[in-house]
Structure formats: C-alpha cells, structure tokens
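Residue numbers (my numbering), protein chains in the order written: chain A, 1 to 229; chain B, 1 to 222.
Relax, there's no trap hidden among the hints.
Below, a list of computed lysine-lysine pairs in the DSSO-like style, where the Cα atoms sit at most 27 angstroms apart:
hint, chain 1, residue 1, chain 2, residue 2
1, B, LYS43, A, LYS127
2, A, LYS84, B, LYS64
3, B, LYS38, A, LYS138
4, A, LYS87, B, LYS84
5, B, LYS87, A, LYS84
6, A, LYS127, B, LYS38
7, A, LYS141, B, LYS46
8, A, LYS227, B, LYS119
9, A, LYS6, B, LYS84
10, A, LYS43, B, LYS138
11, A, LYS87, B, LYS78
12, B, LYS64, A, LYS141
13, A, LYS87, B, LYS64
14, A, LYS227, B, LYS218
15, A, LYS84, B, LYS4
16, B, LYS221, A, LYS119
17, A, LYS138, B, LYS43
18, A, LYS78, B, LYS78
19, B, LYS87, A, LYS87
20, B, LYS87, A, LYS78
21, B, LYS152, A, LYS78
22, A, LYS141, B, LYS43
23, A, LYS43, B, LYS125
24, A, LYS117, B, LYS222
25, A, LYS78, B, LYS84
26, B, LYS64, A, LYS138
27, B, LYS222, A, LYS227
28, A, LYS43, B, LYS141
29, A, LYS227, B, LYS170
30, A, LYS170, B, LYS222
31, A, LYS119, B, LYS222
32, A, LYS127, B, LYS46
33, A, LYS138, B, LYS222
34, A, LYS87, B, LYS46
35, B, LYS38, A, LYS119
36, B, LYS221, A, LYS117
37, A, LYS4, B, LYS84
38, B, LYS152, A, LYS87
Since the hints were derived computationally from the structure, they do not count as laboratory data. Note that the structure is predicted; figures quoted are calculated from it, not measured.
These are the residues of each chain, in order.
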Amino acid sequence: MSTKPKLYYFNGRGKMESIRWLLAAAGVEFEEEFLETRDQYEKLLQGGSLLFQQVPMVEIDGMRMVQTRAILSYIAAKYNLYGKDLKERALIDMYVGGTDDLMGFILMFPFLSTEDKEKQRVLIVQKATSRYFPVYEKVLKDHGQDFLVGNNFSWADVHLLEAILMVEEKKSDVLSGFPQLQAFKARISSIPTIKKFLEPGSQRKPVPDDKYVETVRRVLRMYYDVKAN
Amino acid sequence: MSGKPRLTYLNGRGRMESIRWLLGAAGVEFEEVYLETKEQYEKLIKDGFLLFQQVPLVEIDGMKMVQTRAIMSYIAGKHNLYGKDLKERALIDMYVEGISDLMQMILMFPFSPPDAKEKNLESIKERATNRYFPVFEKVLKQHGQDFLVGNKFSWADVQLMEAILAVEEKVPDVLSGFPQLQVFKSKMSNMPTIKKFLQPGSPRKPPPDAHYVETVLKIFKK
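Could you put the whole structure together from the sequences, leaning on the hints where they help?
This is how it looks when you write it as structure tokens:
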C-alpha cells in the first residue's frame, strides 16, 4: 500500500486545487482518483469514506480526511508551513481566510450563466483590487520580507500565489497597481517545488471548462442554477 | 486597558455567536462593542481596524483579529480546546467545519426571501437529520466517551452544542432520533462554564429578529 496521500475529487480544480498546491509546495507526492460517474460517487458514499457525504476527501496518514480547511491545516502543520507559534498561526489563518474568500468568488464562476459570468468577473476584479490585494501589498511593503509571515515560507504564501494566478486568468494585468505582489509572484514562483508545480505535466489542473461543469453536475446531481453573489 | 478580549459586531448572533460560545465555554470574560450605524462601521474601516473591511473583529492579545475561523482557532489553541496533537486537531477541524456548514444555513435563513423560507427550513431539517447529526451520533456511540475527541472537552463539543440548540429552535423535536446527542446535550448543559453561558444575563444573543435583519442591511448593504 502506498503511503502517499490519495486525493478523491473530480478531474478539475474546484475545492481540491488548494490542497494540490499545498502538497506540491511541500514537495509531497500524491495520487489522485478522479470522480467521473455517479456510480463511483455512490460507491464512495456507501463505503462510508465520506464523513459528510462530500468531496474533497484525502486519505492521509491512516485518516480519511474531509473538509478542505481541515485538510489544508493538517498538511500545513505537518510540513512546517504553519508558522512557529500561535500568533504566527493566527496571522496565517487570517491571511488564508482572505484569499479563501477571494477564491470563493472564482470557485462558482464556471457554474454561472453567461450573463452572470460577466458580472462576476467584474466583481472578482473589484474585490481583488480593492479589498484583498491591497492588504497583502501593504503587509509585504511594511516588513519588507520575502514571505508574508515570520520571514518564513508558509501556507499563506502558497495560497496567495494561487489566488493571484487565478485572478490573473480573469484579468491579466490585475497586478499592475501592486509592485510588491508582482515581486512576490516572481519570487514564490521560482521556489523549486512551486516552479515544478507550475510546469506542464504537473498535477495542477487547468481552468475549468464545460466538460468539468458537466461532470460535477452529473456526479453530484447538481442541476440547479447557481446564483452569483 | 483591559486585558479582556473585545468583540466588535452587531448586537446579535451572526458570525460572532460561535466566538461568544467558545470564549464562554473557555470561561473567558470579554467586552463587546455593538455596531448600530453605517457611520460606525465606516469609521472602523477608515481607522484601519478591519483587515478585510469586515466584522467579526476580536481584539485579543494585542492583535486585531478578523476571519471567524482564524479567531476561533486561536482561542481554541490558547485555551487547550484543540486536542493534544495534530491528529486530534485534524478530527476537531473536520467536525467543526462540518457543523459550520450546517450553521451557515441557519445564519443565512433570516435573510431568505419570504417565499423561500419554508424550503430553506426544510433543507436545514433535512441536512441536520440526514447529514450532520448522524455523524456525531455515531462518533459518540462508537467510543462511548463524553466528548467528541480524545476523551476531553474541546472546541468540537462547544460547536456541536451550539448547533444542536440552534437547530432545535427551528425544529424542536430534531433530536428525537438521536439518543446519544440527547445525552451529550444534557452533559454539555451541565458543564459549569456552559451552564453559566446558558443562563439569562450571559453574553449569549437571542435568535435573530426583524430588527437584527434590518440593522444588518442598513449597515452593510451598498
């Protein structure tokens, strides 16, 4: 039996992507099982693998972990990406909370109607540039260090890079007013584990397309309309 | 300056209530500042108190903490309510996150349009009885201990207790199929700090009413 973590999710980003990023940043190899049919999902349910009947699910260290935030916290702590004490952890948690909220606007994007997509794109850019990016720009400017917290690479840095790249996919020049974030992006992208994850052939997933949306809807029987924020 | 944590939020449950519960359960006294006007909120933002321009805000140990989960993780960690090791913390996190999904439905309920209220209430009942409560019923039955994780009182127990009471306010007989949870509820209610928090005059807030909804919309709606 492999001791590598095993990820159960659709073959696409969704809520699992942040977990892929964090494992990759930590240099941890992992396996993936992709949900493609309703039957597969029902089999997982019946087998009792999904505590709250949901994915993401990650088999790691003898546990079947669910709940994205719980999984990410465990990985961060295990691989020393969670600060050196309670106060650094508090800062990391706050920063990750912010980038999580920002990425939440993007998570539902593929499931919106064409008309709502355009409104949502505007909203994503507005939130990024007026609420979230200025915070991290200021943090980096104020302490002048390479990393967000404690002068040490952490989960917060990985999560912010992921968020930056995702927003850039919606508006490529979104970092134009944020010189610190531009430098941050370049720096973090060149960390060996991250650089590897950003190369073609890695387990990073592409921007969700119609096929992905269709698969999720089919497997979860989620046929209702998703409303924009 | 007081050494007590200071909470800034509306005078109502919302996202702050779980924090009040956790501080209450930990036996930590705290102060509260209530947002009543848009001007107050805008001043907080202007003065740099709200990292992402949002409340809850908890001033604690020299930090201006925002983001509900971050705040609760800090409190749990500080007051030994977060298990003894990484694996217990993982369990507590899983349980708390699951309950939080259920609580989110209750949080949003007062803001649903009138024609969606019945459907949303039905969803809360369905999720509580088919997805969430069965999990904790089984956990308690399997290990036969008083507390959810590691035979010790933790954040997960507090969060579950809060959720049980919140759902019961909407669905009074919701625990009828869950004998373990009934016993759990009773045991939690008798823990000194929780017993105190459940008494009149405590910082616990009543269920949201029309005035609360109105205040939220007045302060936050653009």
